[in-house]
Amino acid sequence: MNRRFLIGLLLVWSLGPLLWQVYTSFCSDQALIQPFVSHDQRWTLIHYQNVLNANPPFWRYLVNSLIVGVSSTFLCLLLALPAAYALNRIPRQLSTLSRLALVGAALFPYVLLFLALLELARALNLGNQLLALSLPYAALSQPLAILLLNNAFNDLPPELEDAAKLEGLSLFQRFRWILIPLISPATASTAILVFLFSWNEYPIALTWISDSSKLTLPVAMARIAGSSIYSVPYGAYAAATVLGSIPLVLLVLIFQKPIVSGLTSGAVKG
Amino acid sequence: MTLQIQNLGRHVGQQWIVRHLNLHVDNGECVALVGPSGCGKSSTLRLIAGLDQASEGEIILNRKNVSHVSAAQRAVGMVFQSYALLPHLSVFANLELGLRVRGVRASDRQQRIQAMLELVQLQDRANVLPAKLSGGQRQRVALARALLRDPDVYLLDEPMSNLDAQLREELRPELRRLVLDRQKPVIHVTHDQHEAMAIADRIAVLHSGRIQQVASPTELYHHPETLFIAKFIGRPQINCLRPKDGVVTAVRPESLFFAKEGLPCKIMSREWLGSSQLLYLDSPEGSLRLSCSTSVDIPELLIVSWHRSDEHYFDAESGRRL
Numbered sequence: 000m001n002r003r004f005l006i007g008l009l010l011v012w013s014l015g016p017l018l019w020q021v022y023t024s025f026c027s028d029q030a031l032i033q034p035f036v037s038h039d040q041r042w043t044l045i046h047y048q049n050v051l052n053a054n055p056p057f058w059r060y061l062v063n064s065l066i067v068g069v070s071s072t073f074l075c076l077l078l079a080l081p082a083a084y085a086l087n088r089i090p091r092q093l094s095t096l097s098r099l100a101l102v103g104a105a106l107f108p109y110v111l112l113f114l115a116l117l118e119l120a121r122a123l124n125l126g127n128q129l130l131a132l133s134l135p136y137a138a139l140s141q142p143l144a145i146l147l148l149n150n151a152f153n154d155l156p157p158e159l160e161d162a163a164k165l166e167g168l169s170l171f172q173r174f175r176w177i178l179i180p181l182i183s184p185a186t187a188s189t190a191i192l193v194f195l196f197s198w199n200e201y202p203i204a205l206t207w208i209s210d211s212s213k214l215t216l217p218v219a220m221a222r223i224a225g226s227s228i229y230s231v232p233y234g235a236y237a238a239a240t241v242l243g244s245i246p247l248v249l250l251v252l253i254f255q256k257p258i259v260s261g262l263t264s265g266a267v268k269g
Numbered sequence: 000m001t002l003q004i005q006n007l008g009r010h011v012g013q014q015w016i017v018r019h020l021n022l023h024v025d026n027g028e029c030v031a032l033v034g035p036s037g038c039g040k041s042s043t044l045r046l047i048a049g050l051d052q053a054s055e056g057e058i059i060l061n062r063k064n065v066s067h068v069s070a071a072q073r074a075v076g077m078v079f080q081s082y083a084l085l086p087h088l089s090v091f092a093n094l095e096l097g098l099r100v101r102g103v104r105a106s107d108r109q110q111r112i113q114a115m116l117e118l119v120q121l122q123d124r125a126n127v128l129p130a131k132l133s134g135g136q137r138q139r140v141a142l143a144r145a146l147l148r149d150p151d152v153y154l155l156d157e158p159m160s161n162l163d164a165q166l167r168e169e170l171r172p173e174l175r176r177l178v179l180d181r182q183k184p185v186i187h188v189t190h191d192q193h194e195a196m197a198i199a200d201r202i203a204v205l206h207s208g209r210i211q212q213v214a215s216p217t218e219l220y221h222h223p224e225t226l227f228i229a230k231f232i233g234r235p236q237i238n239c240l241r242p243k244d245g246v247v248t249a250v251r252p253e254s255l256f257f258a259k260e261g262l263p264c265k266i267m268s269r270e271w272l273g274s275s276q277l278l279y280l281d282s283p284e285g286s287l288r289l290s291c292s293t294s295v296d297i298p299e300l301l302i303v304s305w306h307r308s309d310e311h312y313f314d315a316e317s318g319r320r321l
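Chains as they are written, first to last, in numbering that gives the first Met the number 0: chain A, 0 to 269; chain B, 0 to 321.
Please note that the accuracy of each hint is not assured.
Below are the DSBU-like pairs computed for lysine-lysine, each with C-alpha atoms no more than 30 angstroms apart in a straight line [stated by the list, open to error]:
#1 K63/B to K164/A
#2 K230/B to K243/B
#3 K131/B to K256/A
#4 K164/A to K131/B
In short, the hints are calculated from the structure, not lab data.
Predicted, not measured: the structure shown is a model, and the values here were computed from it.
Required output: the full structure, derived from the provided sequences and hints.
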């Protein structure tokens, strides 16, 4: 089959729903249910105005999600980087066992933990605190982050660290000057994955946060979708989706190169 | 300054990587460690550098036992096979890192690095990343880094193995000028025996983690202590005749000559080596190699012989020289 046709099909498959959301967000409610509406009545910014002027305004949820995403990513990398490094330095049998355990943890459906986490939040009084959400998010992202970063550490020639040891660099200095800069592509791709997870996470955010000014994006969007029992506000929901996607699209576009090189590191020996 | 290694050994699990290693390297002396792959050459260097912990034995540097001193405090300058230059830092930054960590002032750092770059003739490459340098230039940066440390001992781990044969030959005098003339003990690991013979004052042959013989290149070539050394040192390889009464007789290819009486042979193949030629022969004593000048006419009826004084005798079982 023609290669271009296949690429086109793939683009429609992956970008079609997104473009449909963008289209819907700019369409008036009338245009959504009537196909033949005049040009003047079809296009509108009303959905964006409604979403941004709501109480609390939509940008508040964006900021909330940003706070949770950044803090979760930071906390996760802070713990995963030394753990991934240590995984290469411990005895081989222990390292293999740890890797197996990490793969198991990464594959574990986290929704099953959700009741236990809720109990924890209640016991430790972590409810309705945005930064507290980063604790379960960072913890749940740990296994995948450690495995990805461990791969990156594996790919580094050991002589680089040996040479640095002979130069007198301490473990922290080696981390700061050599290891972190050299695995930055893998760190960037891991950071994006952790950020995406915390940006999209729904069940924990739904149960830990009830204060409407502290909601994260997925919970806020679910509230928009279910705001009326008589109708589904397609336009407002689409506008919220578009606004919620912009930070992610920007993030991926900015860090496209390190993400791709980080995800494929170790696939082919250079 | 002297380096003394006494009964050094390291094992991983049940397997000894290096064992019963004894070596003395004097001030200004270069000892080459040679041996087949996996014989423990690089492991020995890592033990001396402090990058790996010895399971037994002592390393004495300037009459001080440094066996339990960390790598950073051993005053060892090491050049790695892969050069181990940090790819994200410029040549200048690569050289500066160690000085900065050791607390050298910024103005001093600048001065010392400039002087070192002039010494290794790379003053115009200071701000270039290692990836933009040629193999020879990278090697010189790695040497410069080791020299800046002003160490008590230099350890060179196959520093020329990534270079082509011509460049290796060109860089030998450079290595001599930069490192070997510094009046410090030098241990040079190489798998290239020509390089070892050209550079080293003495050569230590390692086999299965143990030193088989330490001697000058001439001594090693003419009086190998084991059959393994006789086979390992010298190219083309020494001829080993069929064992008789538990004794292996070995003769160097250049000691063989055409004669009227001796072993009748048949030519199997011939290699043209420029100034000399190498003949692969089939004889009643097994296959032989004969090296002779290209000007020599090869007779039709091929009979080869050698002087008894050129024969080496080894015990067929232990391989020891008799």
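Status of the hints after comparison with the structure:
The straight-line distance between the Cα atoms of K63/B and K164/A is roughly 21 angstroms, inside the 30 angstroms bound, and the hint therefore holds. Among the hinted pairs, K230/B with K243/B is consistent with the structure: their alpha-carbon atoms are about 18 angstroms apart, no more than 30 angstroms. Restraint check for K131/B and K256/A: satisfied, since their Cα atoms lie roughly 21 angstroms apart, inside the 30 angstroms limit. The suggested pairing of K164/A with K131/B holds, with an alpha-carbon distance near 25 angstroms, which does not exceed 30 angstroms.
Hint compliance for this structure: every hint is met.
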